[in-house]
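Colleague: Sequence:
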Amino acid sequence: MSGHAALHDPHDDARCLNCGTTRVGAYCHACGQSGHIHRTLGAWWHDFSHGVLHVEGAVWRTLVLLLRAPGQLTRRYIDGERRRFLAPLPLYLFCVFVLYIVYALLGAPSIRIDPELAERTGAPVEAQLARVDAAIAQGEALPGPEEQRRVSISAPGEPASTRSLAELRAERQELLRVRTVLDGLHGDPKEEIVAFLRLHPTGWGMLDRGLLRAAEDPDFLLFKLEANGYKFSWALIPVSVPLMGVLFARRRGTTLFDHAVFVTYSLSFLTLLLTALLLLARLHVPHRHLLAWAFPAHLYAQTRGAYGLSWFAAAWRSMAIMVIAAVALLVWVLLLLALGFAE
Numbered sequence: 216m217s218g219h220a221a222l223h224d225p226h227d228d229a230r231c232l233n234c235g236t237t238r239v240g241a242y243c244h245a246c247g248q249s250g251h252i253h254r255t256l257g258a259w260w261h262d263f264s265h266g267v268l269h270v271e272g273a274v275w276r277t278l279v280l281l282l283r284a285p286g287q288l289t290r291r292y293i294d295g296e297r298r299r300f301l302a303p304l305p306l307y308l309f310c311v312f313v314l315y316i317v318y319a320l321l322g323a324p325s326i327r328i329d330p331e332l333a334e335r336t337g338a339p340v341e342a343q344l345a346r347v348d349a350a351i352a353q354g355e356a357l358p359g360p361e362e363q364r365r366v367s368i369s370a371p372g373e374p375a376s377t378r379s380l381a382e383l384r385a386e387r388q389e390l391l392r393v394r395t396v397l398d399g400l401h402g403d404p405k406e407e408i409v410a411f412l413r414l415h416p417t418g419w420g421m422l423d424r425g426l427l428r429a430a431e432d433p434d435f436l437l438f439k440l441e442a443n444g445y446k447f448s449w450a451l452i453p454v455s456v457p458l459m460g461v462l463f464a465r466r467r468g469t470t471l472f473d474h475a476v477f478v479t480y481s482l483s484f485l486t487l488l489l490t491a492l493l494l495l496a497r498l499h500v501p502h503r504h505l506l507a508w509a510f511p512a513h514l515y516a517q518t519r520g521a522y523g524l525s526w527f528a529a530a531w532r533s534m535a536i537m538v539i540a541a542v543a544l545l546v547w548v549l550l551l552l553a554l555g556f557a558e
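Anchor point for the sequence shown: position 202 equals 417 in our numbering, and the numbering is continuous, going up by one each time.
Since the hints were derived computationally from the structure, they do not count as laboratory data.
Take these hints with a grain of salt, some might be off.
[As the list claims (entries may be wrong)] Computed beta-carbon distance windows for the label pairs: (1) Leu505 / Ala370: 35 to 45 Å; (2) Ala302 / Ala553: 26 to 36 Å; (3) His251 / Arg297: 21 to 31 Å; (4) Arg428 / Pro305: 27 to 37 Å; (5) Pro305 / Ala512: 22 to 32 Å; (6) Leu494 / Ser369: 40 to 50 Å; (7) Leu320 / Ala553: 21 to 31 Å.
Positions of the beta carbon are idealized from the N, C-alpha and C atoms, including for glycine.
Given the sequences, and given the hints that come with them, work out the whole structure.
Modeller: Structural data, given as C-alpha cells:
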C-alpha cells in the first residue's frame, strides 16, 4: 500500500452507519441495516418494489389465514411466528382504513322515508280512521250491554267484518299512533326537540350544551362521530382485553397479550365483514344480511383454535365473547358521544 492514505469507502466500513455497531457480516446484527449503502435511482426503485411486494406478501398471507383458519393464525402469532404474518394492530388499522375509504365513497345505506310516500300512506290511514269513528258512533247508539254490541265495518275492496266496540277502539288507538308517526315525517321536529331540551335540562352543563348542539346541528354531530370513530377505532382493543381476561381468568398459561392478539385479529375480520356488507348493500345484493352469520361462526373457529378448546367450551365462550363485544361496543359509542358533546 502506498504511503498515501486510501480513500475511505463507506461501503467497506465495518461500522454500521445507522447505529454505530461494528458489523459482523453484510448486515448489522443490532439494527438489521445492510452494510451496502447505495445512492442510485435504480437502487431506490429496487428497494421500493421489494418493500411493497414484501408487505403485500405478509398482508395476503395474513388475510388468507384470517379468513380460512383464524384460530391457527392467532395461535401461530402468539407462539412466535411474527415475521411471516402482519402484526395484529397494523392489520386492524389497515382494515379500518379500507372500511373508512369505502364508507366515504359509497356512504351509509339511506333509511330516510320519502315524504311523498308518507303522504300517499297517510291518506288510507285517515280514511280508515274515519270509518272506525263512524262505526264506534254507530255501536254506541245501539241498545243493550256494550260488550254485546257488534258493528259491521269494511274497507274498499275488502269483505265486511263484524267487530265489537272494544276491538274498534283498540284499532282507533293504533291508527292514531300511525298518524302521529306519519305526521312527524312531514315536518322538521328539530325546533320541537330544541324547545324540549331547553325546558327540561338534565342539570349537567356539558351534557345539556352538547345535546342542544346536536339537536340544532345533527349533521355536524354525525361528522364528529364519524371522524372520532375512525381516529379512536383502536380504543375498542383496550376496552375489550380486560373483559377477555376476566373470562379466561382461571385458564393457566394465557396472558393479556394473548387476548390482545385474539381481539385485534377478530376486530380485523369484523371490519372486513362490515366493509363487505356495505358494498353488498350498495349493490342491492339479495339476502346479503345472511352474511352477518359469518361473525359468530368465525368467532367460534378462532376461539377454539386459538385457545385449544373443546367444541363445547369454545361454543359457550364464543357466546360470552359476543356479550363482551356488545359491552365493549356500547362503552366505545358512549365515549364517542362524550367526545362529540364536548366543546
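Colleague: All hints are to be evaluated individually against the structure, with a verdict given for each.
Modeller: Structure-based check of each hint:
{"no.": "1", "hint": "Leu505 / Ala370: 35 to 45 Å", "in the structure": "36 Å, holds"}
{"no.": "2", "hint": "Ala302 / Ala553: 26 to 36 Å", "in the structure": "30 Å, holds"}
{"no.": "3", "hint": "His251 / Arg297: 21 to 31 Å", "in the structure": "26 Å, holds"}
{"no.": "4", "hint": "Arg428 / Pro305: 27 to 37 Å", "in the structure": "36 Å, holds"}
{"no.": "5", "hint": "Pro305 / Ala512: 22 to 32 Å", "in the structure": "25 Å, holds"}
{"no.": "6", "hint": "Leu494 / Ser369: 40 to 50 Å", "in the structure": "47 Å, holds"}
{"no.": "7", "hint": "Leu320 / Ala553: 21 to 31 Å", "in the structure": "29 Å, holds"}
In this structure, none of the earlier numbered hints is contradicted; all agree with it.
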